[in-house]
Each structure stands twice: as structure tokens, then as C-alpha cells.
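Keeping their order, the protein sequence lines are chains B and U.
One point on numbering: in numbering that gives the first Met the number 0, the residue at position 79 of the first sequence is 78, and numbering is uninterrupted.
One point on numbering: in numbering that gives the first Met the number 0, the residue at position 41 of the second sequence is 40, and numbering is uninterrupted.
The reader is advised that the hints may include incorrect statements.
A short list of chain U residues far from chain B (calculated; beta carbon distances all over 12 Å) [said to hold, decoys possible]:
hint	residue
1	Tyr38
2	Ala48
3	Ala51
4	Phe53
5	Met69
6	Met83
7	Met100
8	Leu119
9	Val153
10	Trp156
Short derived list, chain B residues pointing at chain U, Cβ under 8 Å [what the hints assert, rightly or not]:
hint	residue
11	Ile293
12	Glu296
13	Gln320
14	Arg323
15	Val324
16	Met327
17	Ala329
18	Ser334
19	Val337
20	Lys339
21	Arg343
22	Glu347
23	Leu348
24	Leu349
25	Pro350
26	Ser351
Just a few of them, taken from the derived set where beta-carbon distance is under 8 Å, the chain U residues facing chain B [unchecked claim]:
hint	residue
27	Pro12
28	Ala15
29	Leu21
30	Arg22
31	Ala23
32	Gly24
33	Ser27
34	Gly95
35	Gly101
36	Lys138
37	Arg139
38	Asn140
39	Ile147
40	Ser151
Hints in this document: simulated from the structure, not taken from any laboratory.
Just so we're clear, the structure is a prediction, and the values are computed from it rather than from any experiment.
Virtual Cβ for every residue (Gly too), placed ideally from N, Cα, C.
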Amino acid sequence: MAGGASAVHDVRMDHIPIGDHPDEPDNVVRLPGAGEVEDRADDDMSYEDALAADAESDDEEDGTSAPAPGSQVAALLEQGMKVSAGLFAAGATALADALRSTMPKDDEEATGPKDPAATLAGAGLGAAVTAAEAAAGAAKQVADTVGPAVTWLIEPRFAKDAGEMAAGAARVLDGQWKASQAEMVELATSFLGSLVPEIARGLADQVDLTALVRERVDVNAIVEDVDIDRILDRVDIDAVIDRVDIDEIVARVDMERLARSFPVETIVDRVDVDRVIERTDLVAIIDRLDLAEIAEEVIDEIDLPRLVRESSGIMANETVQTVRVQGMNADRLVSRVVDKVLRREARELLPSGPSAPTGDEAP
Amino acid sequence: MSGAAATSARAFPAGAAERQGLRAGVVSRTGAMVIDIAYVAMLVAAGYAAYAGFRFLRKPAQFTFPEMTMTEAAVYGYVVAVLMLTMSWTGTGRSGGARLMGLRLLGPAGARVGLVRAFLRAVTCVAFPLGLFWSAVSKRNASVHDVIFGTSVVYDWHDRVPEARTDDAPTS
């Protein structure tokens with residue numbers, strides 16, 4: 000805080016009018032007490048001094064007298080008393096209602112025009128209010144309050160009929176209470192409104208609600224009671240879908256694994272290929288193909304002359320072999336016929352010489 | 000070579016491999032002779048066309064096809080045939096027809112035929128082609144020319160050429 004104060008001090012030092020800037024513009028937003036700080040710029044002013052200066056400045060501007068530090072404490076005390084009284088009132092009202100509901104209904108006469116219990120409670124509260132107000136003004140008004148009270152206490156009427164005085168005082172106090180009841184209950188309500196969430200938060204920090212729910216709550220039973228259909232009816236699926244980033248989901252899918260487990264065979268079995276072909280415009284597809292270019296590419300890929308050479312060579316070779324084999328068979332047939340006519344056993348077909356070719360030799 | 004031989008042997012049709020090197024019969028040899036005659040005829044015709052072309056180029060204005068009687072053609076054919084057969088037999092041992100039919104001419108020791116023997120056999124073959132048909136009767140599938148020059152014609156589909164033989168002396 001002291002640092003903050005010095006910062007304020009420094010800032011104001013920058014705005015000290017010197018030399019070239021004699022006139023300070025009127026539209027400058029000034030921090031409270033700025034004038035005082037400027038006036039005392041050369042002094043080593045503490046934060047307390049600055050506050051005091053602010054207070055003085057405010058006093059001078061408002062033209063009203065501010066309450067002394069003692070009076071602020073008194074106001075706080077008064078507020079606390081009011082809140083306590085409100086709390087007490089709320090509790091007492093609830094208690095009285097509860098008691099009244101349990102008690103048997105008596106005659107109207109017995110209760111009288113006014114409930115003495117309520118009157119007494121109101122009186123007590125009124126006294127509390129008064130005490131609060133008294134405490135609030137205690138610092139300044141001790142002397143003012145003491146004198147009349149003493150005078151009032153030594154009044155002959157008080158001595159004469161103390162019972163009546165007490166009853167009258169009680170009615171007055173009750174009236175005071177009634178007058179300020181609404182304000183006090185409102186104060187107590189706002190106090191509880193800010194207090195209860197804090198208490199709940201503190202409790203939640205201390206208690207493991209999840210474990211507690213697991214231990215104590217039969218979640219299955221609750222789930223069984225839930226009407227899922229009704230919940231679904233209330234869910235805006237389209238809005239949910241709009242919020243889903245499909246692309247990101249697809250990017251995270253393991254497509255290979257998906258493809259492996261995909262029942263392709265089943266799907267293929269169910270596809271009516273004939274129907275697909277019927278609906279396909281083959282002519283349009285063919286029109287889009289550059290058949291000439293494709294044919295050129297294919298021919299470039301294939302060594303057509305070599306293919307023709309090899310295939311024709313194979314054909315010629317097969318033809319020649321067929322002719323040779325036919326010749327061999329015919330030779331054998333003729334030999335057998337001649338041998339049979341000449342009644343010979345067999346022919347000497349193996350030529351003489353060492354280098355006669357055999358079937359095992361290489362070509 | 001052994002691998003290539005195995006591959007070549009496998010490429011042979013059924014019954015062909017085991018008959019390689021055996022003396023060939025009359026039908027195959029006649030086929031080879033017919034093909035050779037066709038070759039010779041084509042060569043004669045080609046020579047005639049070449050001569051005609053030469054005449055045309057020399058005197059185009061007075062060009063007429065050269066006259067050639069059948070006798071002249073036959074003489075040319077004989078000459079061409081003798082030259083062709085002599086060169087073939089001394090070289091690879093087979094003429095064009097014999098190559099097509101898978102035949103090869105071997106000398107007395109199973110080697111290549113010498114030049115003199117080849118020339119004399121060629122002259123004999125061209126002069127007396129019917130001597131070929133004796134191979135149908137011969138026990139060793141030998142034609143008249145084979146008997147005279149001690150040669151033999153075998154089935155040989157391989158491209159390998161047998162060793163040359165220096166002995167040109169014809170035997171019985």
C-alpha cells in the first residue's frame with residue numbers, strides 16, 4: 000500500500016505546473032487530494048498523511064462534517080447489531096410460528112387483541128435496536144444521553160407506577176422494532192446470502208463429494224428412474240452436431256485399422272453390379288478418354304518390334320519342329336514298311352565315327 | 000553348355016531328342032532335297048532378274064527381258080546347285096533344305112566332309128538325284144551317294160558344327 004501511495008505521489012509530481020505550463024486545464028481528471036499533494040510536493044508525506052489530506056479535501060468539497068474514526072466503529076457496530084437482530088428475528092419468527100402451530104387453539108379472549116409472546120419478543124428486539132442505536136451514538140452522545148436518562152429515571156411517575164411504565168416502554172420498544180423489522184430482515188437476508196455460498200464452498204473443499212456420492216447414493220436406481228426419451232426430446236441434436244469438428248475426428252481415426260475390419264466382402268455381395276452398369280453412361284466415359292494418347296503410351300511401353308520378332312520366331316520354330324517330327328515319323332514308317340517287305344529285322348541307324356552327335360549334346 | 004543342352008533337349012518335341020544323331024530316313028531327306036531345289040530355282044530366278052535389271056540400267060530404251068530356254072535354266076540350276084551344296088557341306092554340313100529338316104551330312108568318321116568329297120558328291124547328287132531313294136531300301140539308310148562317298152546323313156537339330164576333317168580321300 001505504501002508503494003501504491005508513493006506511486007500516486009510520483010504521478011502527481013509529473014503534473015506539477017512549472018515554467019511553461021502555468022495554467023492547468025480545468026478538464027483534467029484529478030485524483031482525490033491531488034491539490035493537497037501538489038501543495039505539499041516537497042514534503043516527505045506518508046500514506047496516512049495522504050489519506051488525512053484526502054479526508055480534509057473531501058470535507059472541504061462536500062462542506063459537511065465526516066464522522067470521526069470512533070463514529071465509523073459505532074456505525075459498524077450498529078450494522079452488526081442490526082444484522083444479528085435480523086437473524087434473531089427471522090429465527091424467532093420461525094420458532095414462534097412452529098410453537099404456535101403445535102399449541103392448541105384457545106379462545107380469542109385468552110390471547111387478547113395482541114399476542115403477549117410476540118409483543119415481548121418484539122420488545123426485546125426493539126431494545127436491541129435501541130441498544131444498537133445507542134451504541135452507534137455512544138462516542139458522541141454519552142453526555143446527551145445520560146442526562147435525560149437520569150432525569151427520566153428519577154421522574155416521580157416512574158417511581159409511582161413502575162409496572163405501567165414498563166409496559167409502556169415495552170410497547171414503545173415493540174413499535175420501534177416493528178418500524179425497523181423489514182430493514183433488519185433484509186440486512187440479515189443479504190448477509191446470509193453472501194455467507195451461505197462461502198460456507199458451502201468451504202464445505203465442498205473439505206468433503207470429497209464424489210466419494211460421498213459413491214458411498215451413499217445408489218446411482219443405478221437414479222438412472223433407472225431417468226426418462227432418457229424425454230431428455231433426448233429436449234436435446235437439440237443439430238446444434239450439437241454443428242459444434243462437432245468432423246474433420247478433427249476423421250484425422251484421429253485409424254483408417255488402416257478401420258479398413259482391415261471393414262466387411263468389404265459383405266458389401267460387395269450386396270452390390271448389384273448390373274444395376275450400377277445400367278446407370279453408368281459408358282459412352283460419356285469413353286468420350287472423356289484420350290484413346291489415342293493412351294494407345295501411344297502403351298506402344299511406347301511395349302517393344303513391339305521385339306515382340307513381333309520373338310513371337311514370329313517362336314511360331315516359325317514350332318512350325319519347323321513340327322515338320323521335322325513329321326519327317327522323322329514318316330521316315331520310321333517307310334523304313335518299317337520296307338523292312339517288313341524285305342523281311343528285315345531292323346536298320347543300323349547309328350553312324351560310325353567318334354563325333355557323331357547325340358541327343359545329349361548341346362546345340 | 001550342359002545347361003544350354005538340357006534346355007535345348009527339353010525344348011525338343013516328344014521322340015525327337017532320342018533320335019538325334021541317328022541316320023535319317025528317305026522322307027526327311029527327300030523333303031530337304033525338294034527345299035534345296037526350290038532354293039536353287041529361286042537363286043536362278045534371282046540371277047535372271049538381276050541380269051535383266053542390269054540390262055535395263057545399261058540400255059533402258061532397248062530393254063527387253065533376256066531370253067532363256069529351259070535347258071539354259073537347267074544348266075544354270077545345276078551349276079548353282081553344285082556350288083551351293085559344296086559350300087554347305089564343307090561348311091556346316093547342311094544345305095538350306097537340310098537345315099530346315101534338321102539333317103546334317105557327316106563324313107566317314109563322323110566329321111565334317113572335305114571340299115573334294117563334298118564337290119564330287121554334289122556333282123553326283125545333281126546328276127543323279129534319284130540315287131537318294133536308295134536310302135529307303137538301304138539297311139543303313141544310305142543313298143547311292145552315301146555308298147559311293149562313305150557319308151551319312153543324320154538327324155541333328157543342334158547348331159553345333161562337327162570337327163572338320165582333313166582327309167578328303169573318298170573311301171568305298
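How the hints compare with the structure:
no., hint, result
1, Tyr38, "15 Å, holds"
2, Ala48, "26 Å, holds"
3, Ala51, "31 Å, holds"
4, Phe53, "33 Å, holds"
5, Met69, "30 Å, holds"
6, Met83, "20 Å, holds"
7, Met100, "6 Å, violated"
8, Leu119, "20 Å, holds"
9, Val153, "6 Å, violated"
10, Trp156, "7 Å, violated"
11, Ile293, "37 Å, violated"
12, Glu296, "35 Å, violated"
13, Gln320, "6 Å, holds"
14, Arg323, "4 Å, holds"
15, Val324, "5 Å, holds"
16, Met327, "6 Å, holds"
17, Ala329, "4 Å, holds"
18, Ser334, "6 Å, holds"
19, Val337, "6 Å, holds"
20, Lys339, "13 Å, violated"
21, Arg343, "7 Å, holds"
22, Glu347, "5 Å, holds"
23, Leu348, "4 Å, holds"
24, Leu349, "6 Å, holds"
25, Pro350, "4 Å, holds"
26, Ser351, "6 Å, holds"
27, Pro12, "5 Å, holds"
28, Ala15, "6 Å, holds"
29, Leu21, "4 Å, holds"
30, Arg22, "5 Å, holds"
31, Ala23, "6 Å, holds"
32, Gly24, "2 Å, holds"
33, Ser27, "4 Å, holds"
34, Gly95, "12 Å, violated"
35, Gly101, "4 Å, holds"
36, Lys138, "5 Å, holds"
37, Arg139, "5 Å, holds"
38, Asn140, "6 Å, holds"
39, Ile147, "16 Å, violated"
40, Ser151, "4 Å, holds"
Checked against the numbered hints listed earlier, the structure breaks hints 7, 9, 10, 11, 12, 20, 34, 39; every other hint is satisfied.
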